[in-house]
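**Student:** Given next are the chains, with one letter for each unit.
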Amino acid sequence: MIRQHLAILQVMLPMLCAPLCVFARRPVIAWLIATAATLFALAGSFILFAQALNAGVISYHLGGWAPPWGIEFRLDAANSFVLIIVSLVGAVCMIYGRDSIPREIKSSDQPLFYTMMMLCFSGMLGVTSTGDAFNLFVFLEIFSLSSYVLVAMGAGSDRRALTAAFTYLLLGTIGATFFVIGLGFIYVLTGTLNMADIAVRIAGMSGSGTLHVGFAFIIVGIGLKLAIFPLHLWLPNAYTHAPSVVTALLAGTSTKVALYALLRMLYTVFSPDLPFEALILHYLFLPLGLTAVFVASIIALFQSDVKRLLAWSSIAQSGYFLLGVSFANIGGLTATLVHMFNHAIMKSSLFLAVGCVVYRTGSCSVASFRGLGQKMPWTMSAFVIGGLSMIGVPATVGFVSKWYLVLAALERGWWPVAFAIVAGSLLALFYFGRVIEAAYLQPSPENSAVTEAPVSMLAPLWALTISCLALGINSELTVSTARAAAEALLAPHAGLPAHMGP
Amino acid sequence: MVNAFTSSIGHFNYWASVLLMTSGIYIVLSRGNLIKKIIGLNLFQVSVFMLFISMGKVTGGTAPILTGRHEIFSNPLPHVLILTAIVVGVATTAIGLALVVRIKYAYGTIEEDEILALDLAREQMDARAQ
Amino acid sequence: MMNGLTPELALALTLLLPGIGAVLIGAADRFSVLRDAISLLAATALSTMVLALLLNHLAGGSAQIQLTPLVQGLPIFLLTEPIGLVFATLASVLWVVITVYSIGYMRKNDEPRQTRFYICFAIAMACTMGVAFAGNLITLFLFYELLTLSTYPLVVHYETDAARHAGRVYLGVLLSTSILFLLPAIIWTWSLTGTLDFVKGGMLTGKIEGPQAALLFALYLFGTGKAALMPFHRWLPAAMAAPTPVSAFLHAVAVVKAGVFTLLKVGVYIFGTSFLSAMNVGEWMMWVSAFSLIAATIVALRKDDLKLRLAYSTIAQLAYVTLGVSLASVMGMVGGIVQLVAHAFGKITLFMCAGAIYLASGKTKISDMRGLGRVMPFTFGAFLLASLSIIGVPPTGGAWSKWFLMIGAAESGHLVMIGVWILASLLSIAYLIPLAARGFFLPLTGQEDRPQPQGQEVSLIGKPGLQEAPLWCVAPACLTAALSVLIYFAGPAIAGFVLPALRP
Amino acid sequence: MKHHLILLMAAKLMIPPILLFALYVQFHGDYGPGGGFQAGVIFASAFILYGLVFGLDELRRVAPLSAVTKLMAAGWGLYIGVGYAGVATGGMFLDYGRLSSDPIAGQHTGIFLVELGVGMAVASTMLAIYQCFAAHQSRELTDDEW
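Listed in order, the protein sequences are those of chains A, B, C and D.
The numbering used here applies: residue 920 is where the first sequence begins, and numbers increase by one.
The numbering used here applies: residue 1057 is where the second sequence begins, and numbers increase by one.
The numbering used here applies: residue 64 is where the third sequence begins, and numbers increase by one.
The numbering used here applies: residue 195 is where the fourth sequence begins, and numbers increase by one.
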């Protein structure tokens, strides 16, 4: 029976655990509840993915109301793939949080912190699972609102977390509202909110001005959440000042979920054949993606705070996503999805490693990394592997991403873009080089009694690092999965009930 | 010409929304006071709510309560959606205000430029300490 | 083969043995004698394995291993083939030599971080074996990159500002070129042909032509930054900041050899000589290589620091191979392979001698080395022999490589390149021979006024009799010097061994 | 404040009708206009009025923040619990029809419980927001400011 309802349960179990955490008297109980929920979601997402691959689209009707009238959770290979990403990073971060969170959050706040974590988590899962555009907005807001709070929770150690959260709130809300405006136009045009149904109904309307306006609003709205290059302003501060676990969770998942929403809108709801969309892809996403890769990487070079450096690197990476999308072929889409998964793994592991450093040294400036190569060998070697992966050294997942992105660019015949992709990843060499050099080749400050981070933090960190290596050496799994997901995205009408077909 | 005029007047609800929307965005971007920013944000959101609700109105329609006396109902779905969106908006405002209160405590001001100046001073202090 | 030792197992062991060695070296951190013994043991075991594989190949056998796919459809693939075997044999034998030398050098100099040093050596060796036995381009690329990374700690061994700077240049140039040029070239090849396996006679025929083919070729040549083609040669002089055994290792055993080896593999198995010559792909690159060759030689002439002079000499010698590949003739390729071997023996000797001189006298400047040959006759004798080999005077190994290269030039009709080689050889006489000549024929002068070199034993200079470096350092140098002469007699055999792989 | 007799008396008189009205809106909601959102806000407004007139300390005694938070979680849990009840009885998530043997009655029960949950959550959220913000008042208001 659980199997049958898994599509909803794995979103709603964390949602139920959120209020339960409020009742927990001791923080550790809240932690247990939260961790159990994430682990359940992780197992569930694997089962769902297998189900979606084997049996096709899973459609779950909330309250028994059939779509397009009722809300539908609609899982195909694409979103169950994203579910795996989200729940994997979520589970790892929760396990990691057992020692890290008490260090950064007051114990009286901890149950509420876990509540927010659960809300954020289930919001992300909901965005990914739902097949209803308005429901997507609601889950997007659940996840965004809770992440504003989570970012602000970093105020315990640095008051700048508050302003960071405030900016995030302003821009995030504007983004969400843009999304709703766009949705309004689409609703006026089609009279439906079910995404698959919208796709069927707008098929012949490519000349409609309303459609164009709605499309533009939706793309800008999601772009704000995704931190597409000129809309990224909230991201560096939010990532820098949030608690370590939150940063790792957000870096690994929030932009991925927004990217998923973008892909869903681009490929399922609006079909990529629409001429205006091709226009946007080529003349907007391509230059923006390239600019993001270079500008953000160059800014990252000059950061003295490692978390901020990684945040800028995330913006650069979202440029890669855009590039992959702008290729508008199955290769590019596969590359984007592969990179989405790989980036989630490596960026989370990097942020977790930085979290270990913060745990021991209380700071994450490049200077505080001096000499850590000897003092925290496990943490720093994980950091090095993550960095190498970002650079794209073979046998790491980053290499696999680069490979497929370049391949897709070559398939399109876009030479300069292929070179720009590798050149951009090269910039990562320089900004990671600085940190790694400080860690290994500079003496640690005198009388520093830094020791290795506790095992409970190293274990999840290394779980990610090892998967970073393992999936880099054998990418069969990720790539075939991503390809299946890409195909699912490009086949919007698959598995629709007869009354909703084109 | 006349046609264009009537069609724009006919969509006056859109014009009203657009006016509110742009005012809201303008306030968010131009005001340095955080509370005013929140007010602008609210204005912006409310304009969207109004847009939705006015779209759901059917001329001559009434509330969709099944009494058997009326034939034409306004479309209730936008109202339902906006009810949800309003809740989201309230939550956003609450969190925003809570943040402003905390900022006031932490910085002693809610003017953006003063906060930035304080942050900058602190960063310079940190840089010198290293 | 031997009972129980299948060729596949031997092939796997070539990668595993250095790896296991690295782990054991790490475990024996506290016991320096045990640690050094393990290093030596691993090196010996590895060369035994490679020799076993070589014998197996000579007996007509072959071995291959396929592992997981790195990206879809491209497995990690190891395979024994003649060029790879030549390189593997060379590298593994020289590893033994360089290990012996390192033990002497590091102990005498009382270097810090010796355990890390040996671990990195072993890992780099495993990567070199991976490069040598790579059965497809992506496997080669994988181990090529890992080799860069595993030698980085060696370059920054001293952890001083100079070493850090050297490390930045080293990693910066090598990773930049490989990611910026080599990786796109590989992906391009893959998207053209759908395979990256090394195929006899190449696989690009009919897939690409004209300027595009030339561009692809240039990408490969510049992308292989380890081959130090100008203007991407800066890392080689920079890496001289490392201890001398590291320099010898980089120049003769692993890194630069892996670079030119990659070029040879690409030339032979990806492009194929017939395709290269038919498309006239290498024309442009030939001139770049010729420039690199002459320019590096001239720079070498002007360097007073012995190690720097040797570094530029290496750049010039590597350009021989690049030139050989761009000539697109079978004999040019053969010349490149023989040059790989001959240069390895010659250059390792030169570096070991440079280290020995430094150990014994503390001198690094050539102008200071007058008369040293009289107190260090073995070192300087070895240096002289190796110099002759590098110049290409018979009967040394270098003679054969020049011979084959010139035949290659004649075969492909680029007679002007013969002139380039002759010029370069003449110039190399000018930068190599004076050192030995000064050492032997000029008197030891001026050292009464000179302050004693720091950290050296006072007894060495200004007293009669031999003042050689420790036996552990001198003996390997003499051995390789002797070998670089012996290679002369093996030259045709090597050529005959690899020719079947080259002729389509 | 104690001497603002008119305010005190007016508030005392108004609060019970407000609460009653809130309950009316709440229970009417499952088959007519009304419902948990509106009722919750009205319900909370009674408490907020109490707090305004009698002071925050008094309000905290009546509705302590910790209890309010728990109530919030409980309301929210109730909503999701009803969803689970649909699953437990063999239907879909949030399928209230299954809650009773008669689908119509089941719908009634379901929406009633959901609205109750919403009402609890909204009322307590409003109260919590009020309490949190009011607590940050920098000084007591003086009489002439009223």
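Just so you know, these hints were derived from the structure itself, not from any lab.
Just to be clear, a hint being listed does not mean it is correct.
Below, a list of computed lysine-lysine pairs in the DSS-like style, where the Cα atoms sit at most 25 Å apart [said to hold, decoys possible]: (1) B:K1160 with A:K1025; (2) C:K270 with C:K428; (3) C:K366 with C:K270; (4) C:K171 with C:K428; (5) A:K1025 with D:K264; (6) C:K263 with C:K171.
Quick look at which bits of chain B chain A covers, simulated, 3 or more residues with Cβ under 8 Å [claimed, not checked]: (7) 1095–1104; (8) 1134–1145; (9) 1152–1163.
Using C-beta positions, here's what the derived DEER-type ranges look like [what the hints assert, rightly or not]: (10) C:K270 with A:A1410: 30 to 38 Å; (11) C:W350 with B:L1085: 15 to 23 Å; (12) A:I1249 with B:L1153: 43 to 51 Å; (13) A:I921 with D:A261: 30 to 38 Å; (14) D:A261 with B:D1182: 50 to 58 Å; (15) C:E174 with A:R944: 57 to 65 Å; (16) A:W984 with B:T1078: 52 to 60 Å; (17) A:S1399 with D:P258: 34 to 42 Å; (18) C:L130 with A:L1220: 30 to 38 Å; (19) B:T1078 with C:H228: 53 to 61 Å; (20) A:V1107 with D:P258: 42 to 50 Å; (21) A:A1410 with B:L1153: 53 to 61 Å.
From a predicted model like this one, the values you see are computed outputs, not experimental measurements.
Where a beta carbon is used, it is the ideal one built from N, C-alpha and C, also for glycine.
**Student:** Which hints from the list above does the structure break, by number from lowest to highest?
**Tutor:** 2, 3, 6, 11, 14, 16, 17 and 21
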